[in-house]
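Asks: Each chain, written out:
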Amino acid sequence: MLQPVAGRALRIALGVCSYLLLFAAGGATQLSEQSVPHLPGAQFGGTFRRMLGANPITLDPALVTDSYGVTVVNQIFDGLVQFDASLNPIPALAEFWEGSRDGRTWTFALRQGVTFHNGREVTAQDVVYSFTRLLAATRPLSVAQLFLHIQGAKEFRQGKAPSVQGLQAPDRYTVRLVLEEPLVPRLTLLGLANTAVVPQEEVEKPGGDFGHAPVGTGPFTFVRWQPNQEIVLEANDQYYAGRPFLDTVVFKIIVGARLEEAFAEFLKGNLEETVIPSGKVDEVRVNPQYRQYQRFRKPTLSLLYLGFNTQMKPFDDWRVRQAFNYAVNKEAIVREITKMGPVPAVGALPPWLFGYDPDLRGYDYNPAKARELLAAAGYPNGTGFPVVQIWSSQQAESTQAELAAYQRYLAAIGVQVEIRFAPDWRTFRARLEQGTLPMFRLLWTADIPDPDSMLWPLLHSASSTNRAFDHNPRVDQLLEQARQERDEAQRIALYHEVERLVLHDAPWIPQHYSILEYLYQPYVQGVELSWLGKRDIPLYKIWLKKSPASDIPKAMTNGVLLQ
Amino acid sequence: MVCYFSKLFPTGILLAVTRERGAACWSTLATLPRRLFQRPWRSLRVKFIVVIVALQLTLMGVITVVIERHQRAGILDQARLRARSLALSLAALSEGELFSYNFIKLEQIAEKAAADDQDVMYVIAHLYDGRVAVFSGRPDLQETQLSDPLSQRALQATAPLVQELPGGDHSAGL
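These protein sequence lines are chains D and L, in that order.
Heads up: take any position in the first sequence, counting from 1, add 1122, and you land on my numbering.
Heads up: take any position in the second sequence, counting from 1, add 223, and you land on my numbering.
The reader is advised that the hints may include incorrect statements.
Said to hold, decoys possible - Derived pair list, reagent style DSS-like, types lysine-lysine, alpha-carbon separation capped at 30 Å: (1) D/LYS1390 to D/LYS1668; (2) D/LYS1667 to D/LYS1491; (3) L/LYS335 to D/LYS1667; (4) L/LYS335 to D/LYS1656.
Treat the hints as calculated values from the structure; they're not laboratory data.
Just chain L, with the same shape it has in the complex (with noise of 0.2 Å):
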């Protein structure tokens, strides 16, 4: 029989098995558990060791969840300040053309606005009667009505109102 076990490393093995000795090794690996809290194993500092890392483990996960947590609400946060701030903006730029009926203007405004800003996917500027006035990328929406519910909502908002997409669909709101 030639069988080896290394001790290179506490937590790892390297197993050497002939092919024709591999019956005789099973028997060896069935009890490898037993044997390996068995001396030297069992020592404190073994154990001290395991637990260590295994804690270490543990806090960097819950680290890691905890600060991506964070981090997440953090730029959600910081991205609905920015989407308010943008749509301020753009409410302030286009009120005059909104009112004047420049939609040849406005389309200018929500086509930049929409091309500049890798952050901003669209762009919807609505009449007072719900038709839409500009919508970017989507000239063939203009004189149109959009009955999707978060167009709906937005329509009867009072206030400055953030919506999220679901599930990220860049259709939502169409």
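Next up, chain D with everything else stripped away, as it sits in the complex (with noise of 0.2 Å):
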């Protein structure tokens, strides 16, 4: 009798087990499907509109040399890589690469298919033909001296030869670069919005202006500027990485970056993103009536600056500028009046950029000091220093305040200071390259992710933005010399070196780097920012949200929902 009860019990026993097996597994396969996360279709359509603080100079990316053409032309053109949320090169035009073992040849194959805005593929030559053009091109020179490095490029230059040797084609779909030596930073270079890709036929059309009437690759063709009101693109219906999600997109000119115009432009709901203005930033974290548009921060590889005219008296005496830094409290102005939290500028890397030297000790508040170093230049007291104009071009109240700020602490030593404000960009930045500038307020922003990028364009003797008119040929030859070194210790040490030299020469007082805060309206989906700031931001994967603000979930990419 035993064995049949206990195959029975048995029995049971399996049976209880089987049950608890398909609970175990029913609960299981319930949990993975909760798991399983919830994205919302991106949508379709809609118009971004955002501010744009000044007309650009030009649309051409070969000629670009500011941040507001720079925003726009990463919209309309695109170039061999690009960069994603976190600065990794990626590729664009081209879809893979392949470089030598010496790192002297770069071998690039183009995305067949691409087409430019007026309907034609684009090729190798295409390539060819535009980074031949940015090597002719007299201006921005700081970055064709990036390129020089290309076989035959100095050649070209000197107009000895038609063509740049190591500039090569060797099919439709195919780019050669050689060097003529391993060149550092190398592939990030390929980001530079000035390596766009042109069509040529656009750029030397018979009574064409392409830096207004631009045509590129890019995910938004452009539809037309109408200067100090809007720049217009629409959503380009062939680009290679699909239809961007919305429809159009519209950079609101709002003259002499007027933040707190284009912020209450934001909150009435005409525009879809806003940089909080510093006078706002305290009211925005506290007044629960924000808390329904996304505010996100990021630090930028960027430096404001207040620049001196060191080829004009009294500026050229390295003792006057010493004593302009110590005669002004730039904690102070950072804490109270921009509000960009603890770091007031040093020297002119930023402290989250590669070469940042954190033993560089700057100029700390001490007027003694600065009364001192004026009286050894010749101005005891301040007397018989000229009435010194300090220029900006933006009209921000904030900008406003910090500038008197600068006026009350020079005062205090007994220099007069006169605030000015240029009309437009434009007159400022032809009244900066003619040197008619004393003094003068700029934000400096890295086109790509490395020192060479803050500190060659803003110190190097033949750099066209070397606003200051520092020569230092000890600077000049750190730079180079740094351009070209392989290994990263020795190339720290460049950098310091250069960091050392620029604090003594003191071309300028170093005010703060940027760390801005923006806010979207509720709507505003895939915003992705990195550390090159707004211009950077990639448009074509924005997308707006058609449903009632309340149903949009609190998620986001790269950048950072803060609610």
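Starting from two chains that each stand alone, build the complex the way the hints lay out.
Replies: In structure tokens form, the structure reads like this:
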């Protein structure tokens, strides 16, 4: 009897086990279903409106040097490579590439079937033409110089050769760059807006003005530019990565970068994006009325500085420039006016960029030392010192407050200051180039994630954006050496030396490294902020959610939603 | 009265009660426990089956609990080891970038680690003074100080330290 009883008991036990297993399996299935992330489907359509602080000088990528132009150019053109949100170089027009073992030959395979906005297919010849054009351009010199290491580039620039030997198109879809020596930082250079590929027939169209009617391959096509009003772009249906979500992008031009005006327009619903003006940062953080918006914050590779024209009296004397540095309490300005957090600038490189020197000691707030230096320069208590003009193209209230603070600090050492605002960016830049501004307020943002992109344009004697006209042969030599140095430790040491020399020369008062805060309307999705700031936000990834704002999930990509 | 007791299965009873005779059946039901242990239910065979099933169920329960606990402990140990190994590997990978203030490269490493491995919730690299150098997925926290106890303990650690997020709260440590 025992055997059948045990068999039955076993069957019961197996039945219970099976039930338990089935239950467990059912639970697991349910859990895995629940863990699948719910991604709301991106929607097509709509207009994205953002502020542009000035009329760009040009929209021709080979010639663009200002952030305003780069912001628009990045949406119209593509280069061989682009950056992702973490600034890794990723394929753009080049589908893939290969570097030779010695780092001197780079071969790029182009995507096939990519067309310009005029309908013609992009070929390797277009890339060769675009790079040749960049090397032929007299401006911006600092960018052209980055590519002088291409074989035959120097001869071409000197007019000794009709073409650049190292720029080759072995077939319709292959481009080869042959360098004379390995270049640091190599591939990231090809992410520069200046290296975008352009169609020769449009650039050289008789009677055309490519800088005001650009034709590229990018996600948006140029529609119109109404000076002082707006620049309008439309979705490129033939974009190689797929049609952008947005139908239209409108850059509302607010001359003088009056951030408060843009902020007010944003609150009225007339813009989809705004930088939070310094004067509103605390209010936005505290006031619950702003919780409906999406807030993003990101440090950028930029330096805001007050430059001296070192070729102009009295700023041709380093003691005067140092005196000004000692006279101003930058920490207080940064803390109380710009609200940029604990990052008043010391040198040119921000503390999150390779090459930053943590041991660099800047100028403390020391009015006594400032007076001493001023006296040594022949101006005891400011006697005989001419009235100084500080110029700015930006007229935001926070900018005016900053400059008023400089006025007060300098008055304390006997220097009278007049604050002047240029009527527009074009005029301001022209005066900077002519060297007629004794002191000026400027923001420089790196084009690529490399210290060379900060130091060379601002400090090398041959750079057209060296607005202080500070010429130090040793600095030039170090910068040139650093460009070719492949050993990172050596390269860092070179940049540290540059920073120390510049600190002594004091061609500027470095004010702060920007940490920008933005607000976006609640229905804006897909924003990706990188270290390069607002101008590099890929607008083709942005889409507008059409449902009510309250339904929008608190989710985002790389930038950060702070609510 | 129509009232049927089925003996199809010793532990189950199929009861069919006609609606009009329900009251009479209730009296039968009331005496059911007593009747169950009357013959033939009181036989040794049935008692043996009941005891064996009860024992098996108890044993299964105990075994399930023990195995579950053992597995849980094993998985947690493995997770701790993996977390430690990942953190050490990331630290080794990031050290050079941290010393050279290459936060861009550091961010690339952190984002990749968080994206490639589903078990990694986030990666934080602190500077010597406690400021956040990078925080994967939270660039807004760069250059800030984290004041929560988890971060404070991490900052004070002089050797690799494993901490657990209370209740799996994803915001812990922020």
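Asks: Does each hint fit the structure? Answer for all of them.
Replies: Comparing the hints with the structure gives:
no.	hint	result
1	D/LYS1390 to D/LYS1668	holds (18 Å)
2	D/LYS1667 to D/LYS1491	violated (58 Å)
3	L/LYS335 to D/LYS1667	holds (28 Å)
4	L/LYS335 to D/LYS1656	holds (23 Å)
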